[in-house]
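The primary structure of each chain is shown beneath.
Number of protein chains: 2
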Amino acid sequence: MTRTLEDLVPGQIFTSATYAVTPDEIKAFAARWDPQHFHLDEDSAKDSFFGGLAASGWHTAAMTMRLMVDSEIGKLPLGIIGTGIESIKWHRPVRPGDQLRLTIEVLETREMRSRPGLGLVRLRVVTADAVGEPVQTLETNILVPTRAGQAA
Amino acid sequence: MTRTLEDLVPGQIFTSATYAVTPDEIKAFAARWDPQHFHLDEDSAKDSFFGGLAASGWHTAAMTMRLMVDSEIGKLPLGIIGTGIESIKWHRPVRPGDQLRLTIEVLETREMRSRPGLGLVRLRVVTADAVGEPVQTLETNILVPTRAGQAA
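Sequences listed follow chains A and B, in order.
For the first sequence, the numbering used here begins at 11 and goes up steadily by one.
For the second sequence, the numbering used here begins at 11 and goes up steadily by one.
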């Protein structure tokens with residue numbers, strides 16, 4: 011089903027599949043993008059600020075993006091194209107064994123004055139663990155065509 | 011050289027090495043974390059919003075983090091630990107062949123009332139291309155010990 015700006019309303023909720031976090035993936039992501047010892051080695055991480063192996067915040071953000079792309083939100087006409095991120099809060103570090111799942115809420119929709127036919131949808135994306143406690147909250151705007159824009 | 015909160019002052023600038031963006035890496039990152047066609051395939055990307063292969067914004071953020079970790083900022087006592095991201099703006103998509111380099115500016119430093127011995131340093135991290143035009147601007151707070159906190 012193709013959704014356009016008119017089909018999205020504040021308060022609307024989308025959810026995602028579940029993502030299982032493994033120690034190997036935490037280390038592999040960090041080795042490439044955030045090679046700090048508390049993301050790379052269990053023993054060294056024990057004596058760190060985190061007190062144990064912790065995923066890079068950018069890894070948490072990347073897992074969140076993957077879950078978004080694979081969710082209903084990923085099927086919007088333009089996919090998921092953001093002009094930026096309004097904010098990210100990391101409530102606690104993600105750990106090996108965490109099972110992550112998203113709750114994506116539509117906060118606001120508006121047509122762009124500068125680009126008729128195209129709108130911005132502000133989303134709050136909460137990444138939560140198996141017991142529903144949030145590990146990350148992200149707010150962003152994505153581009154969604156209006157019905158007229160999509161037909162054109 | 012170990013720097014503490016007292017050594018960082020607003021206006022101070024750090025720079026990074028240069029990072030060369032390849033089409034293979036754009037596609038490999040996207041395949042894992044942001045599998046949308048305009049990040050995965052040149053031909054399909056031509057007809058997309060981006061008009062050609064474009065890096066995922068999360069890939070741009072990840073390359074930025076890697077450059078930060080490898081810069082002088084990465085040698086701070088706690089490394090680079092952020093409690094979140096204040097904002098990210100993507101000014102234009104990163105393309106194959108881009109050469110990225112950071113300018114990291116200290117915006118503000120303050121000791122945490124809730125955790126004496128530990129401070130927050132607000133940074134503006136501009137990721138720019140070979141001609142110095144920004145592709146991404148990110149603001150974040152990182153944790154830096156005070157001199158007393160570091161000695162304790």
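Since the hints were derived computationally from the structure, they do not count as laboratory data.
Some clues are possibly wrong.
The calculated BS3-like cross-link candidates involving lysine-lysine, where the alpha carbons are at most 25 angstroms apart (straight line), are [what the hints assert, rightly or not]:
(1) B:K56 - B:K99
(2) A:K99 - A:K56
(3) A:K85 - B:K56
(4) A:K85 - B:K85
(5) B:K99 - A:K56
(6) B:K37 - A:K37
(7) A:K37 - A:K99
(8) A:K56 - A:K37
(9) B:K56 - A:K99
(10) A:K99 - B:K85
(11) B:K85 - B:K37
(12) B:K85 - A:K37
(13) B:K56 - B:K85
(14) A:K85 - B:K37
Report task. Just pull the numbers of the violated hints for me, sorted ascending. Result -> The structure breaks hints 4, 5, 9, 11 and 13; every other hint is satisfied.
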